[in-house]
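Participant: Those sequence lines, one after another, are chains A and B. This note's numbering puts the first sequence at residues 261 to 871. This note's numbering puts the second sequence at residues 351 to 406.
Keep in mind that the hints were calculated from the coordinates and are not lab data. Keep in mind it's a predicted model, so treat the numbers as computed, not measured. Virtual Cβ for every residue (Gly too), placed ideally from N, Cα, C. Please note that the accuracy of each hint is not assured.
[Said to hold, decoys possible] Okay, the calculated bits of chain A under chain B, using three or more residues with CB under 8 Å as the criterion: (1) 475-488; (2) 499-509; (3) 556-569.
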Amino acid sequence: MTGSSSVGWLDIVVILAYLLATGYLGWLGYRGTRSAADFLVGGRSAHPIIMAVSYGATFISTAAIVGFGGVAGLFGMSLLWLTFLNIGVGILIAFIVLGEPTRRLGHHLGAHTFPELLGLRYQSRGIQIFTGAIVFAFMPLYAAAVMTGGSVFAATQFGIDFEVALLIFALVTAAYVIPGGLKAVMYTDTFQGFVMVIAMLFLLWFTYSSLGGVTEAHRYLTDMTDMVPAPLVQMGHQGWTAMPAFGWGAPTYDLWWTVVTAIILGVGIGVLAQPQLIVRFMTVRSRRELDRAVPIGAVFIMLMTGAPFLVGSLSNAWFAQHGPILNGKVIQEIDAEKGRALVELMKQDDSGAWTAVINPKTNKPATAALIVSERKAAQDTTGASFELAGGRSSAVTYVKGDADKIIPAFISAALPHWFGVVFFLALLAAAMSTLSSQFHTMGTSAGRDLYERIGDKGRSREPSILVMRLAIVVGLLIAVTISYMVRQEYIIARFTAIFFGLCAATFLPAYVGGLFSRRVTRTGAFASMIVGLAISLFWLLLVKAKEASAIGLVQWVTGGKTSILADYPNWPSVDPIIVALPAALLTLILVSAVTRPPDAEHLRHCFPERN
Amino acid sequence: MLGIDDPFVLTAYLGIVTLAALSLVYGLVRRNAARDEVTPEDRQWALDEKKVEDEL
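Whenever a hint applies, use it, and build me the whole structure from the sequences.
Facilitator: What follows is the structure, given as structure tokens:
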């Protein structure tokens, strides 16, 4: 499906109004208080709305809205558990449990980056360098997810090629992050956050009202269970308002393990160990500011993730009721009473004869479940007569199973064009606030945590600023190359999940242990990080089928299999976090128990409140 | 309920609303509960942070 590429006067007015408002707020910000650090320097308090929404805008991006919204369109409302964790873990636990200890420890030690926080806490240059290297090496994967999300949406909305959209997106990103957009201007972040909130509220209201209300919409989607594509059913898909089939030892449970371990747990827990979000806690003025930001952050995240997950799922019902008519030859009646049939999709050639649509993946005629609304006699290319069925199908059919296109296709087909433009601007804003924090983190990792530490040059600012800028350019080039080269099934969500899972397994035990325990040792922390990273990489390279087969090493090792555990069903669908995080935690505890405790004087410096 | 038959999905749907409501209650109850003071150490940290940001 492609969208309309025409841009009307209303679209131009909307774009200009948005750019003017952003520019005005940016100018106001640059005249005075701009970032959280400015508020703190001035001894003033950022309004909790500004604090919470700018944090949320860093967290939420095109990856969440387009990528995970699309995955919900494919797999259904089971993804709402991710929203539940985003609020419960990403806001409540992060703000209430981790926020204040992180802020205090960071200020006591004078840490300004996440690797520096760990390095100073454990008095280890090695830990700082190791953490900085991992952040710099893997953050481009997450940045690529954000860029792919924005580019897929722009390509669909404006009817341009993905490659062209990616090039434009990369240029806009470069123009934003290289000259100085890195400094988070909290007012513009907040304004962009509000635009996102309004866009999501409108999107949710429109979707529910066009399907007859909340219960009606859900009921209709529940009744579409028999229209789930066969490949998804074989993985355990039980409908868009149901959890996938749960069990162990058969391929029919693969979807449950994918959705729950990789998407829900990987991202839901992984948010706690995101370097660019942890640093945000240090810029907060006090515990009171964190407490006040909790409700706003929770509502913001609820709208920013819950709405796209619901809309992604419900887009299947919308296309089944309002989508373009598809045609095909009936090969199986699914439910004659409801007019549902499995058809071989067909298209009309120039001579007027009907010919089968070929699925490029299987090289066989493409099939889909249709809600048949008309039947008529037709002729195929051999001149033979057959009954041609016409009807509508789920969103998954219209996007040919490409989850990343579900949200863009729905907005392009269902909503007014001016809303598509507003939504695109909201997405662009979401992408830019996330990308700026990602590239900022990459730059500081390379400059402060790698260059300064490895070179042992102390705190010489000038050369490290140059390294930071170079690192940002290199990171941007890597991210764009990944976006350009890798186009696979729900790749946006998968890149995000890989990065979040990797961060959780590698950093989370050492980070949380460093905040709360005086007994965790430098060796224990380092060992836990190495174990978490090693198991995650081993799993991604050799066990997790989708990632391992894309990288290719596993085929070479096993002689063509997609996983070294390919003969043991479900293991190839289990996310690394399930194995790597407990192993890293266990390593932290065991190694700390048998190594020398940290110096008492250092602990007094880290935790003066506890003396 | 709400047109969703699967109890696990329904729990997630209602759980999201419940968590958001709990967060609102938490924010209201705790809005002035914690101390709000900026120490010299906090201010020094912010000055250092600002210096790096400005240079970048």
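Participant: Given that the region 499-509 of chain A was listed as covered by chain B, double-check it with a C-beta distance under 8 Å for 3 or more residues.
Facilitator: It holds: at least three residues are needed, and the region 499-509 of chain A offers 4 whose Cβ sits within less than 8 Å of chain B.
Participant: For the region 556-569 of chain A, count the residues whose Cβ lies under 8 Å from any Cβ of chain B; is that count three or more?
Facilitator: holds (count 6)
Participant: Establish whether the coverage given for the region 475-488 of chain A by chain B is satisfied; the threshold is a Cβ-Cβ distance below 8 Å, and no fewer than three residues must meet it.
Facilitator: holds (count 8)
Of the numbered hints given earlier, the model fails none.
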